[in-house]
Amino acid sequence: MKEIIQVTSLTKSFGTFKAVDDLSFTVNEGDVYGFLGQNGAGKSTTIRMLLTLIKPTSGDIKIFGQPLFSNRNEILKNIGAVIEKPDVYKYLSAYDNLKLFARLSGGKHDHHHLMNQLEMIGLAERAHDKVKTFSQGMKQRLGIGIALVHDPQLIILDEPTNGLDPQGIADIRNLILRLSREMKKTIVVSSHLLNEIEQIATKVLIIDKGKKMVEGLAAELFDASQTIVEIETLNNDFVAQQLAGSYWKNNLQSQRNHKLVLKLDRKEIPQLHKDLIAMNAMLISLEPKHSLEDYFLQVTSGNQHVDAFTN
Amino acid sequence: MWTLLQIELYKIFRRPRTYIAFVAITALITIVQLGLKVDGKEYAAFVMADLSNTLQIDGKIVNGYFVCYVLLQLLLVHVPLLIALIAADMISGEANMGTLRLMLTKPIGRTQFILAKFFAACIYTILLLIWLAILALFVSMLIFGTDDMFVLKNNYAVQIESADIFWRYAGAFCFACLAMITVAALGFFLSQFAENSIGPIVATMSVIIFFTILSTMSIPIFNLIKPYLFTTHMVAWKEFFDVKVNADNETIRGTIQRPDKLINSSLILLAHIVLFVGASIYVFKKKDVLS
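Here the protein sequences come in this chain order: A and B.
The first sequence runs 979 to 1289 under our numbering.
The second sequence runs 12 to 302 under our numbering.
With the rest of the complex left out, here is chain A (with noise of 0.2 Å):
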């Protein structure tokens, strides 16, 4: 498969920090690829590489096959990109805002062809509206139209649900799914929301601290055969004496922040609800979550980032 970004041992510091450290990765063509993270890991600094924003301490980065840097304008005009808040000019309508960018990036600017982008992205009844009077979930649909009125091949998007309500996240994700499957766009997003990622994600790279922590095929990282379940109980330490002594015995991991949590196939948990059941299990909540979660808490910083990461 084509290769679209390939990372080499990425490196930038600023000062004695090193905000991304000997990273690699590569993107294919297709791939919808998830950068995934908490706050701070480095996402945003490697995204803004990826666009010429920041300049590399060292390391190289190819896209479409050619040396960033040095290629610059010319393979940026094959991408396109909303960086963390979707800011336009807020002055300017949402068609000009669009027919602006798309002049800017060597797009069509045609009435017709802006028309339609704005139709796409469900602003085509508000196009001549200034865009100060947006929402914010509209001005981040907007971000998106920019970053595709020039029909760019690969598209990048920096925390592209940040401070949206769950229908305008359900509406990025359902057009990040469309522009994957139906027009077979090369797609990178970064989120530090896992659950978001999981739900459009073809491959995974998580990293903390600047650094590589995993990359993988989202089917493989995201494995139901690899579901840990964390139990909330009433009666937590009679609970975890009884499933020592039954068939959940070897699926037992550990005790954390006052839960139970237990490793299994995704299809025994309807078993388990049962058994806790019988077993007298004075249950609050029993909450399926992901290997990857489990993973990435291991290997990043722990408990204290539970509820940022599933948020």
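Among the clues, some could well be false.
[Unchecked claim] Mimicking SDA-like on lysine to any residue, the simulated pairs with C-alpha atoms at most 20 Å apart in a straight line are:
id, chain 1, residue 1, chain 2, residue 2
1, B, Lys297, A, Phe995
2, A, Lys1086, B, Met114
3, A, Lys1068, B, Ser302
4, B, Lys298, A, Lys1086
5, B, Lys298, A, Thr989
If you are wondering where the hints come from, they were derived from the structure by calculation, not from laboratory data.
Quick caveat, the model's predicted, so the values are computed rather than measured.
Could you slot chain B onto chain A? The hints should help.
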């Protein structure tokens, strides 16, 4: 480059703040013209008070040319603030809005980007001065009529014939453009070091005020650096209104007394523009965009 320049101009002229300068200049000029229309004779008598004992002046002293000269003296001190409002916002304003990073992910070189922005700031500056010229010169000529012009220098007065004035104003406005573009270049350069507009605007004005004070104070130690300060040369437009005289002390039409001074000032301002823009390109090309 042309597309980029068009886009930059489009952005400038779609922002309400751009028109503040045009409105401010219109209001100031209208008020001064109104004042001179009502009390022009008293003002002229006050200005010419020292000469009234030795010189009999006939004709219309408060004419359009004279009014324009008064307006230029008043306004060219304050126009830099209006220029700084836009020029010092060119990069910092985009950084503040967050659009800088979006612009720089597009297939445009950073040098191209900086030059397009600077040229757009220059065009804004030139349009502002054209507007100033229309109001201060042409409207004053309509309101006050035309006649020979009296210009008071430190220890002498210059009378310029009516037919010998217009080209001098053309030259003065062109020189004013150069001076104001120098201010724009300074504001533009400072604009790169902040992520909000206020800092660079205040910094630009502070530099101008500081240098102007150094330029105008007659203290020997300051005299050493005065020739190198751009503020010293910004007022050289007045040289267009100092005329050579013959042996009979009559003015010679079509002459400027110190053309060398004018050329020298123009070159120094030009050098400042090149320096500020060159430094802007150098800094911007190395800059990590973190906004």
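Against the structure, the hints:
Between the alpha carbons of Lys297(B) and Phe995(A) the distance comes to roughly 19 Å, so the proposed pair stays at or under 20 Å and holds. Our distance criterion of 20 Å between C-alpha atoms is met by Lys1086(A) and Met114(B), whose separation comes to about 17 Å. Annotation: proposed proximity of Lys1068(A) to Ser302(B) holds, straight-line Cα distance about 17 Å (limit 20 Å). In summary, the hint linking Lys298(B) to Lys1086(A) is not supported, as the alpha carbons are separated by about 30 Å, beyond the 20 Å threshold.
Among the hinted pairs, Lys298(B) with Thr989(A) is consistent with the structure: their alpha-carbon atoms are about 17 Å apart, no more than 20 Å.
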